Amino acid sequence: MENVIELQHVYKAFKGFELKDLSISVKKGFVTGFIGGNGAGKSTTIKLIMNLLKPDSGTISIFGMDYKKNEKEIKQRIGFVFDSNIFYENITLAEMKKIIKPAYRKWDDTLFNQYVDMFELPLKKNLKTFSKGMKMKASLTIALSHHAELIIMDEPTSGLDPIIRSELLNILHNLMQNGERTILFSTHITTDLDRIADYITFIHNGQHIFTKEYYKIEEEFAIVKGGTNLLDRDTEQEFIGIHKTNHGFRALTANKQRTKNIFGDTVIIEKPTLEDIMLYTKKGEERDAKSYS
Amino acid sequence: MLNLIRKDMILQKKTLPFMLLFLFIYLFVNVSTSWVAIVFCIVIIMNAFQTDETSSANLLLNSLPYTRKEIVSSKYIGALIFIFLTLLTIFIGNWMIHREIMQWEVLLFITSIVMGLISFAFPFSYLFNSKYLLIGFGGVFVVYMVTLSFIPNLNDRVREVVQTVLSLDNSLFYIGIILSVGLLYVLSWILSIRIYSRKVF
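So the protein sequences, as listed, match chains F and W. If you count the first sequence from 1, position 237 lands on 237 in UniProt numbering, and the numbers rise without skipping. If you count the second sequence from 1, position 131 lands on 131 in UniProt numbering, and the numbers rise without skipping.
Just chain F, with the same shape it has in the complex (with noise of 0.2 Å):
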């Protein structure tokens, strides 16, 4: 299966901060979620992808073309949304798409139209009267028009209502039915990712935890509840994090099979979301840290 993004062995350091070692590809023609928690590299993975930022080492390859070579190109391809408004707030949006519109070989005016009346944005009033959502909108509005290949999305529905952020998730899932397109959906919200994404990505603290499709994850992991008295120094190496109470213990388990072959029925075993995923990787990572210390 072709790779529309591939990053091998990239390293970038600030102070405070790296990324190690990160080798991840998004699929052509899938919407991948990209999940970890704040401070996890997420958004400047994003910055790497987009050329925003160069790495220390490694490289970085979309549509299977480098920066060095072929910026534009790769630029011209790409269509972003980024979590903060990042038009210029003194203009309109008519006007900010007449700055924009030359940029691109591919501008569709008639599907700027249809997206400006689809999320009813007025075209002459200052950008910076917008709300949260419409700013969202008028961003994803530009992202779309110019027949993006690859849509980059930096946490879009962060600080956005239910009822638009569901309206996002329809537009994406719609956009995704021609199968040429390529979706990377950056969030902490990961229900987000329950309707849309075909792959998960998970990153945390600067390192690539796993890639999987999402239908797989509900393979493999699983949560494991059961008393306390089941734990030992031996069973406890079965879990990724443990969270004990007095009651009993809740974990989480990557290998859903063998927990199931080792504690048989004296626990209970559930469906995981994303969210337990990345609680009980920041836990087991507290533990281990514990006890190597």
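Worth double-checking, as some hints may not be accurate.
Heads up, simulated BS3-like pairs for lysine-lysine below, C-alpha to C-alpha not over 25 Å straight-line [what the hints assert, rightly or not]:
| id | chain 1 | residue 1 | chain 2 | residue 2 |
| --- | --- | --- | --- | --- |
| 1 | W | K14 | F | K124 |
| 2 | F | K101 | W | K131 |
| 3 | F | K97 | F | K128 |
| 4 | W | K13 | W | K131 |
So the derived list for chain W, only partly shown, Cβ under 7 Å to chain F, looks like this [as the list claims (entries may be wrong)]:
| id | residue |
| --- | --- |
| 5 | N3 |
| 6 | K7 |
| 7 | Q12 |
| 8 | S56 |
| 9 | L59 |
| 10 | L60 |
| 11 | P65 |
| 12 | T67 |
| 13 | I71 |
What the hints contain is simulated information worked out from the structure, not anything from laboratory work. From a predicted model like this one, the values you see are computed outputs, not experimental measurements. All C-beta atoms, glycine included, are put in the ideal place defined by N, C-alpha and C.
Starting from the known structure of chain F, arrange chain W on it as the hints suggest.
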């Protein structure tokens, strides 16, 4: 790249009519034309520069299909266009109001001064931020006022020097000025591209 210059024009559209109004008022009051022209050129050029200095504007421009080289170059070429347009306006204004035609030496003098100042202002602003430039200008102004208290006729002397320079009838001298200002501008351009390429947003 022309698109980026056009973008600066669109963004300046709202302030330009006001600028034009002020320009004509100044021309009426009969302040030194060179002085007015230099101030207006700098204000317009730096205003255009500032709108793109925010992190969101940088995020936008760098996400669009432009290279960093083009983004910087658009500012340098745009500055030349702004200088040309301002001088043209002043030239026409002067002719309409005072019925006098500006000497080409004066135009050259203004252009050289503005290009010289921009050659320092742009790389400095790319490296730090243009708001420090304003503070710097404030500092220079204070120094100027202090100097003025020591040499009371400083203004006259400056005027004299400018007059002497302008009355020099030596084409070799002018060519020298054009070449050195041009060279300074190009070096500043290259330096700015280097600084901007390494920026992190």
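So which hints don't hold here, by number, going up? Of the numbered hints, 2, 7 and 13 do not hold.
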